[in-house]
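Residue numbers 284 to 1154, in the working numbering, belong to the letters of the sequence shown in order.
A few of these clues could be false.
Unchecked claim - Simulated pairs of lysine-lysine, DSBU-like, Cα-Cα distance not exceeding 35 Å:
| no. | residue 1 | residue 2 |
| --- | --- | --- |
| 1 | Lys-718 | Lys-645 |
| 2 | Lys-718 | Lys-678 |
| 3 | Lys-678 | Lys-831 |
| 4 | Lys-678 | Lys-645 |
Think of the hints as simulated: they come from the structure by calculation, not from any bench.
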Amino acid sequence: MSRDPQSSSPLPVSTRMVVNALPPAPARLGPTLALVFFGYLVLALGAVWLARQPGTIATLWYANAFGITFLWNQPLRRWPALLGVMLVANMLAGQVMGDTLAMSASFLPANMLEMTLAAFLLRRTGVALNMSRSPSAFLRFILLGAMVPPLVSSTLGALIVQSIGYAGFGRVWLSWYEGAVLGTLSILPLTVQLQQHGLQSLRSPKRPHELLFYVPLVLLVTLVALRLLPSPFVYLSLPLLLAAVRLPFAGTALLVTLTSFSGGLMVAMGGLQLPPVTPLWQEITLYLPLLLSLLPPLLLAAAVEQGRRRQRELAASEARFRDAMEHSAIGMALVGLDGRLQRVNRALCEMLGYSPDELSAKSFQGITHAEDLSGDLELVQDALAGRRDNYRLEKRYLRRDGSAVWALLAVSLVRDAEGRPLYFIAQIEDIDRRKRAEAELAELAERYSLATGASGVGVWEWDLVSDDMIWDDSLFRLYGMQPLGRPVSYAEWSRFVHPADAEALHRELQRVREGLARLDVEFRIFLPNGEARALRGHGSLALDAEGKPTRMIGTNWDVTQLRELTERLNDERERLQVTLNCIGDGVITTDLDGRVRFLNPVAERLSGWSTAAARNQEIERVLPLESEDGRPVPSPVRLCLERGTEESIPGLSSLRHAAGGLIALRGQAAPVRSAEGELLGSVLVFTDVSEARAMQKHLRYAASHDALTGLLNRSAFEDALAESCREVEQNAGHSVLFFIDLDLFKQVNDSAGHAAGDELLRRISRLMQEQVRSGDRVARLGGDEFAMILRSCPLAQAEILADRLIEQVRGLRFEWEGRTFQVGASIGLAPLHAGNSEPAELLRQADIACYRAKHGGRGRMAVYVEALEHG
């Protein structure tokens, strides 16, 4: 806090008009330091200037509140820099206003301590983050940010001022403390709120322009009250209290700041006439009423904000409940104490067949089945009497069409804060299907009992204590016997069992008796006539009250035919497996969804997948096919399953092997159907044709390329030239045809041999390919004659390339068996465009141009047009 030596009291003041520049998160350090420095300097200069106006009693000090605003939410590593620039600004303000260096420095420790302590308390406690949530939260914020730190700083400042003989301790301490408290109270709530919520928090969403009404009102009331009215501070709070009810907290805080600014300015300029009392009481009668004028509106604004938040939370809670109720999968209703349905959801309306308006006009008694109403009413009375708060009941409701529907009713009674019943919440789950299913199950049990006798299923009960078995008539028939009319002993039954199955069957029965498993066994028996039959047996163990096994109840049925069929199928499967393992083609079977079920060894080798790893994988993952240009190819299995027809692997498709590399495939997918024609899956048979395809590719390449140089041959080049002619006609483009004839090549051939000539041709071919783009065409027409097509190339650019190519060929030093040879190139150019696009004519033109170039001195380039002009 800077001091004016000519003033009777410390003069803290600040006006911060850049509050909207505060970022919600730390900004870059440089701009922040500049803003803090200039803001603090301006506010400090304003405070000192106002303090020196004639008639000034005391002014408010806002500069430290400005500094606290920037400190509390900044990283701690920035605090030294921020405090440093504010210290310099404080010193500079004193120097500018004429204070000595010692006088300016005497206020620095207290000011720095106040800002540091306030920022630390706000940061450590976090009260600034929730200051507007309630009056108590706001009071904690004011206590820690605006009251405790000034208490410490004013004490330290007063001691320093007293030690240098400037003024007495009591007067300085009181003026310093009140000015700092009011300055911080005036600005800190606004700046902190804007830091967290931005400028939009100033306006009410419902009344966005109402703040514009209160700003001039507050300024007008402040001016009139302080100049014309008795007890002016009473009137200052009236518009603020009204605004606290109408505006958001930030809007009220802004009006408090404006009131403090305008009131402080008027007081400093002598616009307020105080009663004739002692100077000390003047400051008390000035600051205390001002504090009482500014603090209550802020507390009221916090209380209103708390109420608004609770209303929003309540509205959101009610909206969530309404939304959950409306979109609940089960029926829900709010039921009044008189039984009327106050609110129903869509699921309940659909369940009962009513519209919402129709159902809301009824009571629950009117839609309850008469036989179930009394039980429901008794439970309602118990709830209203306080004997229960909720209950569950299975009952029948009546639909709009008069039919009954079973429902599980769960009811909760809602009470108010005093415990008085308000209404019921009913959850009504449709269990009509379950209840009907239970009835159907009872009927099915009876039918099953009848069906077992007709289906050949025999039922038995084995008494584990007496070892006797009770068989029904169907079981006697399964064993080829007439009913005995008595129990069958375990020993008698054992004599029917096939000797090869007896030991395993008795062992399984023992495991069941010990409770280790349920009986599920297949075994063979010999009938009295010597015929062998296969039976399937299921059984369950029955326990007594002590948990000991007493009985085993189960069934037997004849599975002879099924077993024979299974054995035949196993034989067929084995033969098929051997066949698939021996053939040279890959075989993959899939289900209806295109998931792999089986791979034979060839398919495993080609795909890199084992059957176990590939099972249930998508066919595209196990056998990824791609075209020659690397794009994925649809699997024929998918088309086969979709269309139900045989589909082939697209031509020139390859398999991307799991270990890397491509395998050329040819194959076909065919649907697999049941005897009734139902589609069961597919089978894909494929062959590795990599060698054949490589041979075909080699033959195609040899047919279109020169064997010596690898360039296009004459036939392929003529096709490329025809394609370029069509292209320039369609697109009105420009291309250029080169005809190249090597100079002095015959000397190399004659003197060094054909091997040297061939090697030279290969080197020149590579040189030509290096000079052109990927889309251009280069060919050897025969002997030492070459041709090129520069596609979409201007003639001027082609001439440059021709000159460069001539220089490249001329600069080639060919060494062979200790001898060095040098050749040249003559090039004829013929432009391709829409008016000159006949392939044969273009070749003739380029040949003529080359001839002109060669006979013009060799190692030259000539364009056909120029050749004609100089004919």
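Next item on the list: For the pair we were handed, Lys-718 and Lys-645, check the Cα-Cα distance against 35 Å.
Entry: Between Lys-718 and Lys-645 the Cα gap is close to 26 Å, so the pair holds against 35 Å.
Check: Lys-678 and Lys-645: Cα distance at most 35 Å?
Finding: 17 Å, holds
Check: Has the given pair, Lys-718 with Lys-678, been kept, meaning a C-alpha gap of at most 35 Å?
Finding: 11 Å, holds
Notebook entry, point to check: Lys-678 and Lys-831: Cα distance at most 35 Å?
Noted result: 39 Å, violated
In summary, the one numbered hint that this structure violates is 3.
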